[in-house]
Each structure stands twice: as structure tokens, then as C-alpha cells.
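Asks: Residues per chain are reported as follows:
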Amino acid sequence: MPAKTFVVNEPSDEQLLAQIALTHESALELLYDRYSGAVYALARKILRSPRDAEEVLQDVFVRIWQRADEYDALKGKALTWMLTITHHMAIDLYRRNQVRHTSPLEDGLVLGLADEAQHTSLERLLAQTALDKLEPSEKMVLEALYFEGLSQSQLAGRSGIPLGTIKSKARIALQRLRRFFEE
Amino acid sequence: MTEVEFQERIALYALGSLEPNEAARVELYLKNNPTAHATYLWYLESVAVLAQAVPSQTPNPSIKAALKKRIRALNQQKLSFLPMHWFGGFGRKLEFARLLLLGLLVAVIGLLFGTDQQQQTIASLHLEMRNIEQLLGSQQTLSFWLQAPGSSAVVGQVFVSPEKKLLLSHSMGILPKQKTWQAWYFKAGVAKPISLGTTSKAHLMIRLPDGATAVAVSEEPVGGSVQPTVVRGIAQLSL
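Top to bottom, those sequences are chains A and B. Residues 5 to 187 in the numbering used here are what the first sequence lists, from first letter to last. Residues -10 to 228 in the numbering used here are what the second sequence lists, from first letter to last.
Careful: at least some of the hints might be erroneous.
When the alpha-carbon atoms are kept at most 30 Å apart in a straight line, the in silico BS3-like pairs for lysine-lysine are as follows [unchecked claim]: (1) A:K171 <-> A:K143; (2) A:K171 <-> A:K137; (3) A:K79 <-> B:K20; (4) B:K57 <-> A:K81; (5) B:K20 <-> A:K81; (6) B:K190 <-> B:K176; (7) B:K166 <-> B:K181; (8) B:K154 <-> B:K168; (9) A:K137 <-> A:K81; (10) B:K20 <-> A:K171; (11) A:K171 <-> A:K79; (12) B:K58 <-> A:K81; (13) B:K176 <-> B:K154; (14) A:K79 <-> B:K53; (15) B:K53 <-> A:K81; (16) B:K181 <-> B:K153; (17) B:K153 <-> B:K190; (18) A:K79 <-> B:K57.
No wet-lab data here; the hints were simulated from the structure.
Using the sequences and the hints, build the whole thing.
Replies: What follows is the structure, given as C-alpha cells:
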């Protein structure tokens, strides 16, 4: 197996965003190369449609270009900031389209056919491991709320789970995820 | 909203799953309780785990080309006939800048409190302070970085209201008595002095001329100059 190549002195995400705030296009290009796969995959998981996901992908990086100066490294990781933007835009588009796909297999993600961007594979593995440690009901609640854009009431209506239970399961599940990384 | 109610809802808020009226209540709580932001950010990092667990997918390469084209089109709109590397930054409001400026003005008023002449100065300072507060307090006011030419160093900030009132605030200190700061605007590639645009202070409130695409501040002899001598800061305006 070939040895992994490490790039020396690669700028951090925060450094790239600082450069993007100074309108360095090359910094945006580097950030795009680094995270377009993650952003596109998240948008695609929510929207299902490749065309819609591509639209969101572009919009996300345009938003990053326009508002890189709003990112504050003291308030969280750059990737979290970018994925939050992605989620908001994808859910907005999803709700505007009001299209619900019922088959989770059509995009191939569940089957694991997606290619892996080398930069994020370790992070993804850790994230998946953390999710696997949740109780099935907690994981179901999180995924329904996050990837399907359901409100707490909509999920309660669909699943029959009481509203209070959904609130507490979501809270506990997120706390467990965070503690997994803190430990 | 009580803290208990906030704690019950913050996880769902971070997930984007609260109904609009509930989300608005959480946002109001966050606005009134800055320390609660840490809790929100803590949950947001957890939520990001969900996104990071999704296997990455390579998008169509044409998207990158389309994005580059779109960025260039945005840059063209903002446009610059001056070297692009002089400029940078996009506006964002800084409550800190507002408070700092108000604090400076209050300190000046406090020092001057007393005689009739000082009372008149205080009155005009009051008016100036009200104007500045109105400008900074408006949601529609845009802000831009004032940067040293040829570098990314930020030397101040420029605020522009929808009524084209401009507040230029810089951190370049006080000049010697024989010098003054002078403000300029750029239109069609030409630098022109802004009327009443000289000051010895660290801030200047003026009317932005129509069509101005950038403003600058330079160091000039007292009385001003018809051409900029030493330009110390430039802000490109994306209006």
C-alpha cells in the first residue's frame, strides 16, 4: 500500500478563510478542492437531486466568498461553519421544492458507493463511529431532523414519538456525540 | 424564555428543527444572553458530526469552473480600476466599533464640560454623536475595511448608510500640528477631494459623493491638498 503523502505547510482552513476575506481567489479554490466533496455529499443527502445539490454547492462557496470575514475562529471550526451554511441552504431549497424522496438507496450513499476525499476520511470515520454508538432511536431522530428537514412536530406526527421524547432524544444524542470527541 | 426552556430547545435549534416561532424565541434568548452562545456553538459542533459522517462525493468538475466564473463576475461588479490587492474585506457590522466610537466621544464631551464655548462644542459634539449613533445603529449601514495601500493591514473602517452618509474611522493616530488627514473619493479612476473632508481627528463624518467606488485617507499639509500626497488607507465600496 503506497505511503500517504503529507503536504507540508498546507494552510489551515482558518488561514484560507482569512485569505478569502481578502479576496484571494486561490484560497477559495484550495478550500473548494478540500471540501467540495463534503459539501456536495451533504447537499445531495438532503436534496437527493444531483442538480439541486450542485446548485447548493455553488451557492455555499459563493456565500463563503462573500462572508468569509464573518467567520470567527474563536466560535468554532471552519468546517462546522461551512457545513452549517450548507445545511441551511440545502434545507431551504428542499422546503421550497417540497419534494420528498422515499428511497434512501437511489443516490448510492447508503450503499457506500461514494468516493472518499482523502482529506476528510479520518474525520468521517470518527464521525461514523460516534454515530454508531448512539441508540438506534436516537440516531433515527437525529437523522430525520437533520437530513430530512423535519420539524419536531412533523417527526412526532410521523413516528408517533411524543414531542417531549423527541426533544430529549435529540438533546441527549448530540451530547453523546460531543462527549465522544471530547473524550 | 427561561433558561430551562432554552436548554430544552437548543439542541433542536442547532439541528434547524424548531418551528419558526420557537426558533425566534431561541434567537431572542441568544441575543439577550450572550453567554448562551457558547452552549449553542457546543451543540453546533455536535450537529456537524452528522454532516461529517456522510461519505464525500466528488462533484462534477464543471461546477468548479462555473463557480470561478461567478466569483469573477461578482468581482467585476465591485470593480476596481485600482490594483485589487489594495483592497479587501467585505462589510460586517461591529458592535465593538460602535461602542468604541461612542465611548471616545463621551470621553471628549466629559473633558470639555464647562464654559460657554465648551458648551457650544459639547452641543455640536452631541449632534455629531447622535448622527454617528444613528448611522452605526442602522441595519442597512454597510461597513468596509480601510486598508494600507499595498498591504493587507487594516488601518480603519468605513461605514456607509443608505442615505450616503459616510463615517470614516481610522487607527492611524494623531498627526503633527502642521499636518491634517484628508478624505478622497474615487470615481472613474480619478481621486477627488471630499468637501469638508479634512480633520485632525481619528474619525470623519461626511456625505459620500454619488458614483464613488472607493474612498481613501491621506496625510496632507494643514488646509488640505488638491491631489493626494501620502495615501495611508483605502476602502473599496461595494454598494
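Asks: Taking the hints in turn, state whether each one holds.
Replies: Outcome of the hint check:
1. Of the supplied pair hints, the one linking A:K171 and A:K143 holds, its CA atoms being roughly 13 Å apart against a limit of 30 Å.
2. About 19 Å separates the Cα atoms of A:K171 and A:K137, which keeps this hinted pair within 30 Å; it holds.
3. Proximity of A:K79 to B:K20 is assessed by CA-CA distance (about 15 Å); at most 30 Å being required, the pair is judged to hold.
4. For the hint linking B:K57 to A:K81, the alpha-carbon distance of about 25 Å falls within 30 Å, and the restraint holds.
5. With a C-alpha separation of about 21 Å, the suggested pairing of B:K20 with A:K81 holds against the 30 Å cut-off.
6. Annotation: proposed proximity of B:K190 to B:K176 holds, straight-line Cα distance about 25 Å (limit 30 Å).
7. Between B:K166 and B:K181, the direct Cα distance comes to roughly 24 Å. Compliance with the 30 Å bound is thereby established for this hinted pair.
8. Restraint check for B:K154 and B:K168: the C-alpha separation of about 25 Å stays at or below 30 Å, so the hint holds.
9. A threshold of 30 Å between alpha carbons decides the hint, and for A:K137 with A:K81 the separation of about 23 Å falls inside it, so the pair holds.
10. Distance hint between B:K20 and A:K171 is fulfilled; the C-alpha atoms sit about 22 Å from each other, no more than 30 Å.
11. With a C-alpha separation of about 25 Å, the suggested pair A:K171 and A:K79 falls inside the 30 Å cut-off, and the hint holds.
12. A C-alpha spacing of about 28 Å is found between B:K58 and A:K81, which places the hinted pair at or below 30 Å, so the restraint holds.
13. Distance hint between B:K176 and B:K154 is fulfilled; the C-alpha atoms sit about 17 Å from each other, no more than 30 Å.
14. This hinted pair checks out: A:K79 and B:K53 have alpha carbons roughly 29 Å apart, not beyond 30 Å.
15. Of the pairs offered as hints, the one joining B:K53 and A:K81 holds, with about 24 Å between alpha carbons and a cut-off of 30 Å not exceeded.
16. Only pairs whose Cα atoms come within 30 Å are accepted, and B:K181 paired with B:K153 is accepted, the gap being roughly 17 Å.
17. For the proposed pair B:K153 and B:K190, the alpha carbon gap of about 21 Å is at most 30 Å, so the pair holds.
18. For the proposed pair A:K79 and B:K57, the alpha carbon gap of about 29 Å is at most 30 Å, so the pair holds.
Violated hints for the displayed structure: none, as all numbered hints are satisfied.
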